[in-house]
Structure formats: C-alpha cells, structure tokens
Amino acid sequence: MSEPVRGVVVSHAGVAEALLAAVASITGVDDALVPVSNEGCDTGALTERLARAIGGRPAVLFVDLPGGSCLTTAIRVAKGHADVAVVTGVNLAMLVDFVFHRDLAPPAAARRAAEAGCRAIRTPAP
Amino acid sequence: MPRHPDAGAVSIALYRVDDRLIHGQVVVGWGKRLNARFLVLVDDAVRASAWEQELYRMGVPPDMEVIFASTEEAARRLEEWERDPRVGMLVAGDVETIVRLCADSRRVPRVNIGGLHERPGRRARLRYVYLSEAEAAALKALAARGVEVTAQDVPTARPVPLGEFA
Numbered sequence: 001m002s003e004p005v006r007g008v009v010v011s012h013a014g015v016a017e018a019l020l021a022a023v024a025s026i027t028g029v030d031d032a033l034v035p036v037s038n039e040g041c042d043t044g045a046l047t048e049r050l051a052r053a054i055g056g057r058p059a060v061l062f063v064d065l066p067g068g069s070c071l072t073t074a075i076r077v078a079k080g081h082a083d084v085a086v087v088t089g090v091n092l093a094m095l096v097d098f099v100f101h102r103d104l105a106p107p108a109a110a111r112r113a114a115e116a117g118c119r120a121i122r123t124p125a126p
Numbered sequence: 127m128p129r130h131p132d133a134g135a136v137s138i139a140l141y142r143v144d145d146r147l148i149h150g151q152v153v154v155g156w157g158k159r160l161n162a163r164f165l166v167l168v169d170d171a172v173r174a175s176a177w178e179q180e181l182y183r184m185g186v187p188p189d190m191e192v193i194f195a196s197t198e199e200a201a202r203r204l205e206e207w208e209r210d211p212r213v214g215m216l217v218a219g220d221v222e223t224i225v226r227l228c229a230d231s232r233r234v235p236r237v238n239i240g241g242l243h244e245r246p247g248r249r250a251r252l253r254y255v256y257l258s259e260a261e262a263a264a265l266k267a268l269a270a271r272g273v274e275v276t277a278q279d280v281p282t283a284r285p286v287p288l289g290e291f292a
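Protein chains in written order, with the working numbering: chain A, 1 to 126; chain B, 127 to 292.
A hint or two may mislead.
As the list claims (entries may be wrong) - Restricting the straight-line Cα-Cα distance to at most 16 Å, the calculated cross-link-like pairs of lysine to aspartate or glutamate (EDC-like) are:
hint: 1; chain 1: A; residue 1: K79; chain 2: B; residue 2: D189
hint: 2; chain 1: B; residue 1: K266; chain 2: B; residue 2: E205
hint: 3; chain 1: B; residue 1: K266; chain 2: B; residue 2: E244
hint: 4; chain 1: B; residue 1: K158; chain 2: B; residue 2: E191
hint: 5; chain 1: B; residue 1: K158; chain 2: B; residue 2: D189
hint: 6; chain 1: A; residue 1: K79; chain 2: B; residue 2: E290
In case anyone wonders, no lab produced these hints; they're calculated from the structure. Predicted model only: the values in this text are computed from it and were never measured.
So here's chain A without its partners, still in its complex pose (with noise of 0.2 Å):
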C-alpha cells in the first residue's frame, strides 16, 4: 500500500493550529495533518517551513486566502512535484472529509476535499 498522503494546512495567524485541535476532535484523527502559520515570515522562511512540514512526501497543501503569501509559497513549494497539490479556501469540513481520504493520489485527494468543502458552505434560512 502507498504511503498515506500528508495534509499541511498553510495559513495567517494560529488558524491553522486551531482547524487542527478541531480536527482531531472531531475525528480523533491527530496524525493526518501539519500545521504551518505565515507568521513571523518572509518568503524565504515560509518556504523553508512548508518544505519541512512536507518532508518530500505526497501531500495536499489547505491554504487559507485564495491569493497572498500563503498561496504563492504553497504554488512555489508544489511547482514541479505531481505528488503535492494544492487547495484555497481550506475549512473544517474538507479538512474532516480529508483525512478519512488519504488513501488517494494528491490531485484526486485536493479535489475531493475541495468539493467536500463547498458542499459545507450553505446559506440555510433561519
């Protein structure tokens, strides 16, 4: 069996920590993903974390704002490497989704969890 793919979640601030501490209790799964915050970084830095958190296996990378230095590191950090994709707009439920999915190639496994994601984003009456 292949490995299991990685989930690094790249954001501002601690909303990456803090989609992780929800994540692990909601599914008691607390191995799926890597927490990586902008904070404090350059380019440069933030290269150097995601590539850490990554450790040069297949991963999915959950950025938070669809434009910004989170993304752009993420697209420099997957450049080139068909085992690392990327997905904006990262939230609980396709982060839920993702885990019990890993088994899937990471294009196939950003997908999934992009389309779990917006499935989550309602506007119920109330």
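We have chain A; now place chain B onto it with these hints.
What follows is chain B alone, placed relative to chain A:
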C-alpha cells in the same frame, strides 16, 4: 467611491517596503482603506517572470490593476502614475529597491516599512521589522534627504517614526 482621507491628494498614496510583496495586509488592509485602484509591484525578479506575475495576480481583486515594474521602469514611470486620477499603491520588497527608486526619481515623499522579516545579519526592531545595520543606515540617509520614513503594518496601527526603530 470617493478617496479616503488617508489617501491624500496624490495618486500613489502608499509607498511600501514589504518582503511578502502582494499579500492580505497590502491588498485588503491598505487597499480597502485607501480605496486603491492600482498597485505597482517593483521587483526586478518578478518583472522578469510571467509565471511569478500570474502568481501575484491571484491575490488581487479584479477591480484593482496590477502593474509589474523593474526598479528602472518604476523610476521612469513614477510621474505618469502620480498623474493617474485613481488612487494607487507601490510596493517594493526590500530597502535597497526603495532607496534606488527614491534616488532615481526624487518624487517619493514618504516610505512605509510594512514588513521586513528575520534574516541572517538583521536584528529585530519591531515585531514585523528586522533590519541590518546597513539597511537602518540607508533608511536614515533617506530620512535625512526629507523622505518621511515610518513603520506601520496595517492602517489601524500607529505609524512608528524611524527614530523609534532604527
């Protein structure tokens, strides 16, 4: 939408040094506050790479034009951008670039140090500003020539005068 009072009377309302270049604080924090409609990114490496430009464009809302310029192009086109009726912002990634721009154009009235992070040879001056001795000296020289230099990461923060961090 009318100009925000912070935008002042000139077109380029913010000359910023920020090693993250285009990111949330710039586009959302300052861009919304100033009602900026164009953003000049002065960076020789980004100017030379269509791929890098596409990457940075992703972080900018569709109603804000992004202009990628080399330092030399920026010095040459500054007057043109200053005549633009829209409010604009200019971002450079390091002290050296803004110093060169100021030297070449003599049109930059003030410089905002928005984010320079830890690197070998630099020491902490503020939470978001790390400077080498050479960078601090260059900023002091800029101030001595009449350019107002302050540090301020977001518009709601206090602008910190150069004398307090360099």
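| query | Are there hints from earlier that the structure breaks, and if so, what are their numbers? | reply | Violated hints (numbers, rising): 1, 2, 3 and 6; every other hint is consistent with the structure.
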